[in-house]
Structure formats: structure tokens, C-alpha cells
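Given two chains presented individually in distinct reference frames, assemble the corresponding complex, making use of the accompanying hints.
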Amino acid sequence: MNSIKLKRQSWNIGIILIALFLGSWQVSRLPVFGSYEARTFLLGILPIALLSMGQAIIIIGGGINLAIGAESVLINCLAARFMVDKSFTVAVALTIFFLLISVLVGALTGLIISKSKIADIIVTLATSFILIGLAMYIQPSPGGGMNLTLAHLISGKDSAFLPPLITLILPLIVIWLPLYRSRTGIAMFAIGSNKDSAFLSGVNVDRTRIKLYAIGGLFAGISGIALTAITLSGSPFASISNTATLNSVAGAVLGGVALSGGVGGLTGPALAALILYFIPTILLNYGIDPAYSQIITGALTIFVVLVGGLIRNRGKKK
Amino acid sequence: MSTIKTFVGTRLTKSMLSLWAILIVLFVITGLVDHYFFTVPSIGVTFQLAVPLGLLAAGQTICMLTGGIDLSIAMIATGAAFIVSIKSPSGLGMALLYAFLFCVLIGTINGLAVGLLGMNPLIMTLGMNAVLIGVFTVGITTFLKGSSTMPDIIIKLSTATIIDPLSWPLVLWLLIGSAVLFLLTKSGLGRLIYAVGDNATAARLAGVRVWKVQLAAYILCSLFGGLAGLMIGGQSGAVSMSLADSLVLPSVAAVVIGGTSIMGGIGGYTGSIMGTLILTVLSYLLATLNSSEAVKQMIYGSIVLALAWTYSKLTEKS
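Respectively, the protein sequence lines represent chains R and E. First residue of the first sequence? That's 1 in the numbering used here, and the numbers climb one at a time after it. First residue of the second sequence? That's 1 in the numbering used here, and the numbers climb one at a time after it.
Pulled out of the complex, with its shape left as it was, chain E reads as follows (with noise of 0.2 Å):
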């Protein structure tokens, strides 16, 4: 059992250290080619931009840690930013309410399609995924008709400094994401989520109810993306179809990067954080050449492929 453990722990250093290396890297190149980037309001704001992605990773994160997957969640983000900004006007309480039964309402059906019916997960939520934006566009002319811009409140809760380089919403995330970490690793939910995760056949023998692990994870998952679609719409003042649109790579992206298997059973919260800060100095990166949409897309997705690539290489070796 210790050699496991003393296995287990040297592989997750190794891992850490090589996600450190290239951070560290990636932030020499971007303050090499940008001398901006190195002061203390950039580093904040820097910060600031990751905590969206930060949040989707989270979600992310439960949902692979069980063996699903959640193609879904920028939908759900751009959703939930659409509603709180069109009932804000009947009160923040209500906005907040219907935004998080939204949440709640999306996840549990991605939850018990994945869990008690035994859909595949990718294909269930690329599917939710395609419902969603159709409702959300036949909405928008109809039943969902009003106002787009997000409530002070959330603004400031999304952009707000306290002092430079701290924010509000690097707050949030601060406490949010010890939350997460304290539930995977200490919670008997988190236990549970690895044993799924693990292998789904060998929890269910021992007594575990897999689907209803499966449902709470789709729901967390969901929630985080509500919250991250509401930091989003936040930043940006308003909000749009796309508002989150141009996330769901990078929350795969980041969670696989930071050493999450695919598979489930096999990672953490910190490794997604450190992927998240990883593409977040990336796209930094990219914004600071002049180049277009098509070409940064290009840049971007080639280079996820690569530091997902030689993560698993620097790994795999030991």
C-alpha cells in the first residue's frame, strides 16, 4: 500500500513540476515579446481573465474525474448569463434563482441520461449542447426578450480590483476552488467520484449508487457553468450567443493538460489550475500578435494539441 502511495506521489510531483516548467516558459516568452505583461495591474488582470476558465475547469474537472465529459457547459454559461441579464430587472434574488434552476435543471437531465440511461456522454451533451443554442436563439426574439447587459453587482464582482494584483473574482475563485479541492480530496463525494471514475462496475459491487454520483457531478458541473457564464457576461458588460462559445476547448483543454485522464479516476483540481493559468497566458500571448481570428485559432488549437502531447510524454517516461 506505502509503495502505491510513494508511486502515486512521485508520478503527481513529476507532473506538477513539468506543468510549473511550462508555465514559467510560456510567461518568460509572452513578457519577452510583450514588456507590459510583467507589471503588477497586467498580472492582475491576466489573473482576472483566468478565473472564467478557471471555473469551467472546475466543472469539468468532477464530470472527467467520473469518466463524462461536458460538451455542454459553454451553453449552459451563456444560458445562465442570459437569464440572470434579462430577470435582473425583476430583482437580483430572482435573476440568481432562475439562472440557478436553469443550472440545476440541465444538469440533472444530462445527469440521469448519462447515469440511468446509460447514454454516452459525449454524445449527450453535444446534443444539449445543439438543443440549448436552439432555444437560446428562438428566445431571444421571443420569450426571452429584454435586456442584455449584466447587473452592477455582478460586474463588479467580476471585474473589480481590491488591490492590485488581488481581484474580486480572483477571490472568488481563491475560495471557490479550495471548495472544490477540499471536496475531491477530503469528501466522502469526492471519494466517490474517484471510485467511479475508477471503475464504475467494481463502486457499483461495493455499494456505490453509481448514477446518483454521476447526476451530482453533472449538476456541479453544470452549476460551475452557470457561474462562469455569469463572470463572463461580468467582464464583457453584456451578453451574447457567443458569449462562452470560444471556451469549451480550453475547459477540456486545461483539465486534460493539468493531468485528468479522459478515462476518469486519474487527477485533480490542481492540475486543471495550472492548465487553466497555462492557456490563459497563452491566449495573452496570442492577443499580443497582430494576427487574425483564423490564424490565432490555428496557433491555438496547435498548440493545445502540443502541450497535451508532451504532458503525456513527460509523464508517460516515468
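So here's chain R without its partners, still in its complex pose (with noise of 0.2 Å):
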């Protein structure tokens, strides 16, 4: 047992000191470094970092959801839409509002992969289309706003870089902590180990597997969130879901999160998010043409994933 918490915390030890070293490369480039460039960090990652959480919740419990990033978009826009010039009472209500629209639709992604037994990829493929399509229904075109007041609450403002630190670290404590704690918790590494010998072992998969999708979808609202406020408007671009949801499967698996399942945690996605962000960013300071960060990002995931796999295979032999 103890080896095991040993192995899990080097996995999330390793990503601190890969964080930090790029962290303090790109602090040294920075002529100051002070509270203001702190938020700018914690904004370049508060979205990612929410996304892969969601995933990596998703991704425990043996499934993946290629319409997270669709899902974060769509409450990016309907945020932005209807939020425009609302008093902060109302803006919070609705902010309530459309978090459980996002737990909703996940909940229905979940019901609609159990009861349908087709392949998460293939359904959460096809909810990706129709959650775009409705952005774009909703938000034609890149526009709205946002309460001010609640804006700076979520990602502060200047220099406050305690804002965006909360809404980074809160949905750790109050989601994912009881989470991990709970019944469901214990089911989700058990139908993500192996959905058979869950199901024989009394674990009803697929009750798990729609709590499981509702909570991803509940952080890809978060972000969604977390984005309207960071940016003022929202974004109606399949590109963007489709880059976010790339993101948030490269941190969930950086982040130590197994593809096969029953493996990872939280903190490492929310960790990993901090590397895929500098990454890019030390690049493009070096004076490489902004174009390429697709490319970055891409190349960036793939070799993740790659070594990432390497490391586990090798672990698995011995």
C-alpha cells in the first residue's frame, strides 16, 4: 500500500518539478515578477486546467468524452449571451443556472452511452456536433459579456491573484475531495479497473458511469465559466472545443491518468495543465511565429501520451 501512495505521489512530484523548472525559465525571461504576472499565469490555465479534470474524472471511469471542450464552449456562450449588462444577483443565479445545465447535459451524455451501449467515442463525437451546433444557435457570432463584479470575483482583477487561484483550487476541495471519498468514488477506479468484475461485485455501472459523465460535465461548465469571465465574451468555434478537448485529454493523461482506466487522480491534471501552458508560451517568447502553437500543441500531446505509456508499460513489467 505504501509503495503504491509512493508511486502515485512521485508521478505528481515529477510534474511539480517539470512545472516549476519551466515556471522559473519563463519567470527569468519576465523583467519583474510580481502579483500581476501570477494572475496572468493562473488565467493562461484556470480554463485547461478544468477541462482535465473533468476528463481525467471521465477517463478514471474507463470512458472519454470528446465533447468536453463542446460542452465548455456552449456554457461559454450561453454565459456570454445572456449575462450582458445583468445586475450581480442575477448574474450569480444564473451562474447557478447554467452549471447545472452543464451537469445536465453530462448526466444525458452518461445516460445516453449507457443505455445505448455505443462507444463513448462515437456518441460523445456526435454530442460534440450538436453542442457546437447549439452554441452557435445561441451565440452566432464571437460577442456578450459579462457582469463585471462577478467577472473580477471569478478571475480577479490587476493584480489579484486570489480569485483565480479559488476557482482553480475550490472544485478540487468541494467536488473532487468528498468525491474520492465516496461510494461512487470507490465505484469509479472499479467499473475504470475493469467494468465486468464491477458489475459482478454488485457496483451498478452504469448509475456511476451518468454521475461520473455529470461531474465531468459539471467542470467543463465550471471552465466554461471560468472562460466567459477571463475573456468577456464568448466564442461559438469548433476549433476552440476541439483544441480544448486535445488540452484537457493531454493534462488528464500528463496528469497521470491512465487511457485504459482505474488510474489517476485530480491534482495531477490540474498540475499538468501548468506545463501544457508554459510549453507553448516559452516557445512563442523565443520568437517562434504564434501559428505554430498548433503544432505545439499537437506534437506536445502525442509525445505525452507516448512517454507517459512508455513509463506505465515499463512499470507494469516489473
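Since no wrong hints were added, every one of them can be taken at face value.
In silico DSS-like pairs for lysine-lysine, Cα to Cα no more than 25 Å straight-line:
#1 K313/E with K117/R
#2 K313/E with K115/R
#3 K195/R with K313/E
#4 K14/E with K313/E
#5 K117/R with K14/E
#6 K212/E with K186/E
#7 K186/E with K14/E
#8 K14/E with K115/R
Hints are computed from structural coordinates only; laboratory data are not their basis.
Okay, structure coming up:
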């Protein structure tokens, strides 16, 4: 038990070390580093870290959600469309309402996967089209906005780096920790490791899966709201959702979640988002054309999954 | 042995029957909505438009039968079309050679990563897709600058009618389709593709070089993608970055609706052809409805999901 714990922590420690190395490299290139720069960092990783956490929960449960980026874009568009020029109270109420919608969308995805017995990839590929269509319908062109007080509460203002830090860590404490310790959490690891034996030991596979997709949806929703607070607009583009989905998978895998399911946590993916943010930023600082960032993201994802897989396989053989 | 054969036989016939039923129902509905649909030229055009999707589905079928998936196929198609249009001033032969080499190169990278390095095919091809988008986004302003019109001969081969409703693309599809059917059902490689998809470990223990089969599958898939790209380019006359974007989901959906399992080993190209025709009639039907792109995307996604669901339920009972 101790060695397993150590192994799990060693992955996280490795991630932290790499992130620290890249972070200090980036900081060393900046003339000053204060709370303003810290907030910029946090805003850069916030949406993708939240999305990676959502994806991680689903992957640990043995699934994968290719529509998670689309869920986030949908909530982003909903929020930007309906929160313009609204008072603080209304905006908060709307935020809660939209988060409920994101839970519902996730639960519905899980329900369809469980009931139809179609592979996760197919269902979520199809729902990603539906959700992006919906986002385009709600917010046909980039625009909209958000109540500034609420936006500052979520993403901070000027050099207030605490609000985005809280937005990042709060879901980890309020959602992940209780889930991890609950029956659903155990069921999550069980169905991710082996669905059939989990079923035979009395785990309600369908219900667990629906819950996991719902929680994944909630994270996508929070990510969408955070995106709205940061950009103060909604952008209904499939390219954004595709990149976000890809990043979420990369973040989850880099964070120590095995694509085969049943292994991992959420702290890793949150930290991994730092690395995914620093590498392109540093490369771009060295005067590389911004158009290359897509290539970097793609190649980085492949590299991360490849190396992660190789390390895990070597561990298994031993 | 014979009982297994009859069992498989009846199952396949039943699923084929349900595919025919879905196609005919869609056909009749489309005919009722748009009376012009039942004329010979209209049917000819519908078939013609089905060909690129049919070619993509051929590649996707081969990939999925080995238990893989290729989500980079649309960018491979776009890339091949780009290369041919830009290199065409230096001769059609050279242009085609470059496009061919491009497809083989991408297919080889995908195949080696999946086969030898054990990458998850979904992540590998998603990452490859992002890399290719980046490469071509940078390329069109730098090293791929030039003509964006397709050579006349390709335009002719992708659009010209011989005798209504028979057209050159349809003839090409018949030839290539027969070759794919022969490859999958009669050739040694076809047997190996099914064997690897059914149980890769068993295939390896029986002496099959699994990675070689996977490599061949991804290269073939890539080549079919390139061919489809040339045809789409020929049909639209010019190439753009979003040439085949909208065909990723349909290429997967056509195969899944056609009864090929995403886990590999089960299915075949006949089903994918049916799936292609169903999806083509469906998009014709959606085009006749006067609605925005957003609504079309939502309806398309929903119907693909509903079809996959119906199909899996229909075949489950038998």
C-alpha cells in the first residue's frame, strides 16, 4: 500500500518539478514577477486545468469525452449571451443555472452511452456536433459579456491573483475530495479498472457512469464560466472546442491518468495544465510564429501520451 | 463451425436488412419533401456526392477493423488536395506523387506510433490532426503558397457524368470499392486485419506481425483519405483549409452505422457503403430544409446518434 502511494505521489512530484523548472525559466525571462504576472499565469491555465480535471474523472471511470470542449464552449456562449448588462445577483443566479445545465448535459451524455451501449467515442463525437451547433445558435458570432463584479470575483482584477487560484482549487476540494472518498469514487475506480468484475461485485455501472459524466460536465461548465469571466465574451467555434478537448486529454494523461482507466487523480491534471501552458508560452517567447502553437500542442500531446504510456508499461512489466 | 457460420450469416443479413430499411425510409421522406429528388440527374448527383465520404469510410473501415480509428483523415484529405493544387503547375504526375508521398508519410507515422509504440490510436490521430492543421495554416502563407485551384483532369474525374446517373466518380468508387471488398474478404492481408482486430494477442501468438498489419491499415486509410481529398477538391473546384472538416464525424458514423465495431474484428465495407448512402441522403434532406448551419449541425448530430442507437438495438435482439 505504501509503495503504491509513493508511486502515485512520485508522478505528481515529477510533474511539480517539471512545472517548477519551466515556470522559473519563464519567470527568469520576465523583467519583473509580481502578483500581476502570477494572475496572468493562473488565467492562462484556469480553463484548461478545469477541463483536464473533468476529463480525468471520466477517463478514470473507463470512458472518454470528446465533447468536453464543446460542453465548455456551450456554457461559455450561454453565459456570454445572457449575462450581458445583468446585475450581480441575477448573474450569480444565472451562473448556478448554467452549471446545472452543464451537469444535465453531462448526465444526458452518460445516460445515452449507458442505454445505447454505443462506444463513448462515437456518442461524444456526435454530441460534440450537437453542442457546438447549439452554441452557434445561441451566440452566432463572438460577443456578449458578463457582469464585471462577478467576473472579478471569478478571475480577479489587475494583480489580484487569489480569485483565479480559488476558482482553480475550490472545485478540487468541494467536488473531488468528497467524490474520491465516497462510494461513487470507489465505484469509479472499479468500473475503470474492469467494468465486468465491478458489475459482478454489485457496482451499478450505468448509474456510476452517468454520475461521472455529470461531474465531468460540471467541470466543463465551470471551465466555460471561467472562460467567460476571463475573455468577457463567448466564441462559438468548433476549433476552440477541438483544441480544448485535445488539451484536456493531454492534461489528464500528463497528470498521471491512464487512458485504459482505473488509475489517477485530479491533482495531477491540475498541475499538468501548468506544463501544457508553459511549453508553448516559452517557445513563443523565443520568437516562434504563433501559428505554430497548434503544431506544438498536437506534438506535445502525442509526446506526453507516448512517454506516459511507455513509463507505465515499463512499470507494469517490472 | 457450421453453426457459427450460419449464426454470423443470419446476423449479417438481418443487420443489412435494417440498413436497407433505414435507407429506403430516408429516401422516401426526402422524395416527399423535395419532389425533384426522385429525378435521374438528382440521384446521379447524390451518388456523386456520396463518393468522397465512401472513400473516407473505406479507410476508416480498414482502420476500425484492426481496432483503431483515424481522426486525422480529414486533414490528410485536405493536405493531399492542397499539395496537388499547388504542385500542379509543375506537372500532374509530380503533383500526384507528392500527395501520395504525403499520405504514405502520415499513414506511416500514425501506423508506427500505434503499432510499434503502442500509442492510443484516438490520441495519436487527434494529435496528428492538430499538427497537420498547424502545418498547413503556416504553410499556406509560406512554403505552400500558390495556386488553390485543382487540375482540370481531377475536376473532370470528380464531377463529369458519363450517362445519367452514372458518373466518373461513381465508376471510380465501384472499382475502388470492389478492390476494398476483395482486400477485406479474400486477401491474406484482409484476414490478418480481422484477426488483429478480433484479438491482437492471439494474432501475435499465432505468428502475425501485428504492427505490420496496423502499419498497412493506417497507410491504406491515409491513402483513401488523400484520394477522397482530391475528389472533394475536384468537386468544389478549389481547396481551402476547411475542405474536409465536416467529414470527420460522417466518416466514423458511416462505418459505425454500417455495423463495424469500433473495437475491431467485426464488420465490413458493405455496411459502410450503406452507411455512406444513408448519411448522404440525410445531408441532402437537411440541405432542403431552410435552416442555419447551427441548426443543421444539431439535427445531423442527433440523427447520427439516433441511427447508431437504432442500429445497435436492431442487431442486438437478433
